[in-house]
Amino acid sequence: MLRYFLKRLLSLGLSLVVASVVIFLALEVVPGDPAAYMLGINAQPDTLAALRDELGLNGSVWARYLGWVGGMLTGDFGTSYTYRTPVAEMIGERLWISLPLALYALTLSTLIAFPAGIWAASKRGSVVDVAVMGVTQLGVAIPNFWFAMLMVLVFAINLRWFSAGGFVGWDAGFWLAMKSLTLPAVALALPQASILARVMRSSLLDTLSEDFIRTARAKGLTKRQALWRHALRNALIPVLTIIGLQFSFLLAGAIIIENVFFLPGLGRLVFQSISARDLIVVESVVMLLVLAVIVVNFAVDMAYAAVDPRLRGRR
Amino acid sequence: MSLLVIEGLDLSIHGTPILKGVSLSVSAGQIVGVIGESGSGKSMTAFAAMQLLPYGAECSGRIDLGGREVLTLSEATLCQMRGRDVGMVFQEPMTALNPIKTIGDQVAETILIHERVSRAEAMKRAAEALRRAELPQEKFPLSRYPHELSGGQRQRVVIAMAIALRPKLLIADEPTTALDVTTQAQILTLLKKLVQEEGMGLLLISHDLAVVADMADEIVIMRQGEVVENGPAQWLLRNMQHPYSKALLAASTHQPDRAAEELDDVLLDVCDVVREYTIHRKGIWGGTDTFRAVKGVSFQLRKGESLGLVGESGCGKSTLTRAILGLEDVQGGEIHAFGQPVGRDFPSALRSGIQVVFQDPYSSFNPRWKVTRLVAEPFHLMAQRPDDWRDRVAQVLEDVGIGADAMDRYIHEFSGGQRQRIAIARALILRPEIVILDEAVSALDVSIRAQILDLLAALQQDYGLSYLFISHDLSVVRSITDRVLVMKSGEIVEQGQTDQVFDDPQHEYTKQLIAAAPVLPADVA
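For the record, the sequence lines run as chains A and B. Under full-length UniProt numbering, the first residue of the first sequence carries the number 1, and numbering increases by one thereafter. Under full-length UniProt numbering, the first residue of the second sequence carries the number 1, and numbering increases by one thereafter.
These aren't lab readings, by the way, just hints derived from the structure by calculation. Each residue gets a CB set at the ideal place from its N, CA and C atoms; glycine is no exception. Be aware that a few hints might be false.
To be verified - Computed footprint of chain A on chain B; a stretch qualifies when at least three of its residues, placed anywhere within it, have a C-beta under 8 Å from a C-beta of chain A:
1. 72 to 83
2. 87 to 100
3. 106 to 120
4. 153 to 165
Claimed, not checked - Just a few of them, taken from the derived set where beta-carbon distance is under 10 Å, the chain A residues facing chain B:
5. 123
6. 210
7. 214
8. 230
9. 238
To be verified - So the derived list for chain B, only partly shown, Cβ under 7 Å to chain A, looks like this:
10. 52
11. 147
12. 271
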């Protein structure tokens with residue numbers, strides 16, 4: 001188990017190094033000089049040179065890469081080209097919205113998907129199964145921004161239970177902040193829950209047809225007991241994989257939902273920075289997202305091992 | 001007193017009749033063997049007794065289990081009965097256990113489900129059950145997971161689960177079919193011992209007449225959902241009346257009619273071959289461990305000869321086959337076929353002289369191709385496909401007894417035996433000199449197996465083929481080979497004339513193998 005852990009940890013570190021190099025190089029070859037962009041077309045050559053110097057765009061590639069990585073390790077992400085504020089601060093503010101939103105949506109999605117998937121699988125072919133499959137089919141097909149607009153219409157405009165958008169901030173108190181994240185989280189969670197429920201159902205059905213379920217039934221377990229004690233944990237591996245992928249998506253891919261609800265999240269920050277050629281912000285946010293994805297994958301790998309003893313011994 | 005009485009049992013699944021008027025009974029301390037070929041309904045009979053039937057199954061008739069009418073009981077009552085009054089052992093030990101629970105937990109579960117005892121007490125009794133199944137706790141701790149055990153050891157865990165509550169009746173559905181012969185012998189001995197010492201009744205389902213003849217007090221022969229004949233084992237084996245029973249017995253002991261016509265030409269020369277695998281790296285920059293699957297094997301195959309290669313799973317026989325076919329490189333020694341070294345540069349004209357037939361007739365064909373295309377595929381080895389290729393395909397299909405009208409059909413339209421004939425046709429289309437038969441008859445029912453063995457013998461006669469016949473089944477190897485090689489842990493431990501090796505084995509391992517293989521009594525066979 002320790003060996004498995006260390007090996008995964010090593011792979012995590014290597015992935016991060018490779019990712020940082022790729023991100024850095026990709027932005028190196030992108031055409032467009034941020035300094036020229038900031039100063040506009042009428043900039044004087046000497047002003048431009050001075051600004052390039054200030055932004056640290058002049059050194060060798062190697063030195064700039066090391067400077068960038070070294071800075072990130074010490075919490076210094078540099079200064080935004082457009083806003084002239086520390087990038088770390090900008091990201092920090094946004095992360096306090098995007099991370100809770102992703103976790104909230106993922107929790108909702110899991111809470112919906114597990115019971116629905118298990119229920120459908122345990123009553124295969126019944127009305128319940130058909131209903132769950134039908135509803136999740138819709139959930140997968142309908143885009144989340146449409147859900148979002150629908151919910152704004154019903155819960156914000158007609159019923160006036162929630163505000164239509166914006167974020168009150170954590171200073172307003174935990175429950176109020178969570179309340180303002182509720183509609184976006186639900187909108188994000190519904191399609192994800194639909195996918196997850198379908199994966200849960202099919203994985204569970206596969207497991208229920210395994211020989212060891214028959215063995216369990218021959219011992220005298222009821223169908224229900226066989227499902228809960230033997231099938232469920234065996235069916236979790238594909239479900240964990242999907243949860244891992246979904247978290248990464250929710251963290252970075254919420255841009256449309258952030259726009260619909262006027263949330264100043266990470267997705268919008270990346271979008272704005274790309275439009276403004278604020279490369280340092282783009283670099284940092286992308287690196288942060290890569291870190292999040294890799295860490296989540298690491299957590300999923302650890303969860304695999306917790307579920308399946310066969311993986312623990314593997315080198 | 002009868003533990004299990006089945007009377008006039010009819011079973012249909014979604015309206016398709018599976019069992020028709022099946023009757024049998026099992027008493028305490030008695031072993032009843034149910035024998036039949038695939039589709040005979042023998043396993044369904046067992047599942048009906050447990051009422052563990054597939055969706056859509058309907059039963060009528062009478063099943064009496066320890067004085068209770070099973071067909072009238074509620075599912076809740078059945079759950080209380082399963083595992084407590086009757087235990088069950090299955091065919092596939094590799095998949096019959098939950099991979100993520102320890103063996104102790106899985107055995108203890110039988111106890112915890114039925115009795116109100118503490119977990120510690122259940123674990124103690126699980127250890128006891130495992131000891132009765134000959135997996136002592138000192139050598140096999142309860143904390144082991146199934147993947148840490150061999151097939152035979154897993155089957156002992158399944159048995160321990162089934163006998164943990166000392167049920168009066170044990171149902172074993174092909175309990176040794178997936179196991180090697182020596183392991184099979186151990187498991188059968190264990191089952192017999194449990195019956196004798198604990199007075200259990202045992203319903204033993206098998207396709208292997210020799211296994212049943214060796215074990216059972218009473219034999220029930222089934223065919224197409226019906227019992228064709230039953231009676232006391234030793235008497236029935238010698239006084240069979242029904243034509244199907246007689247045919248089954250004849251097929252089990254079938255000896256294809258063949259006369260060896262060996263020439264001295266060496267077609268295949270395997271010299272000191274070593275095949276190594278890299279198992280895993282020690283860390284990312286560390287060295288690698290190697291596993292020697294084949295350790296310096298040498299033999300020769302002559303023209304017109306039939307050479308057997310026997311050994312248990314993991315002995316390296318399949319690895320050796322792949323090396324001979326040139327599918328994998330060897331790490332030492334040389335393989336020459338028709339005088340040329342086998343390897344990457346082996347000329348494809350010669351390559352067509354070696355063909356192979358594999359075990360599984362179901363997965364070795366592309367399901368989207370018609371039979372013509374399947375059989376004609378080896379023509380790719382030739383520089384140009386001969387003009388009369390369709391005639392050749394028709395001819396070879398006639399030769400293997402399928403008939404040319406099969407040419408435009410798809411593979412799913414054929415039974416297992418027919419598919420194996422088509423596989424043989426595919427191997428013969430280029431008129432090879434060497435045919436490698438890798439467990440080619442192992443998946444077939446005995447009557448089909450007898451037919452295929454006859455076919456192979458006739459084809460050898462007609463075309464002067466040389467066979468390398470790889471199998472774990474000693475009786476088949478004995479019936480069709482002239483010489484035999486016995487392989488163990490990557491080495492050939494004994495070789496010689498087939499009759500001589502079987503009648504007077506020299507190596508300890510050969511003796512073990514032959515002793516373990518179930519045989520019909522001499523006066524029956």
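Each hint tested on the structure:
no.	hint	result
1	72 to 83	holds (count 7)
2	87 to 100	holds (count 10)
3	106 to 120	holds (count 4)
4	153 to 165	holds (count 3)
5	123	violated (12 Å)
6	210	holds (6 Å)
7	214	holds (6 Å)
8	230	holds (5 Å)
9	238	violated (14 Å)
10	52	holds (6 Å)
11	147	holds (5 Å)
12	271	violated (36 Å)
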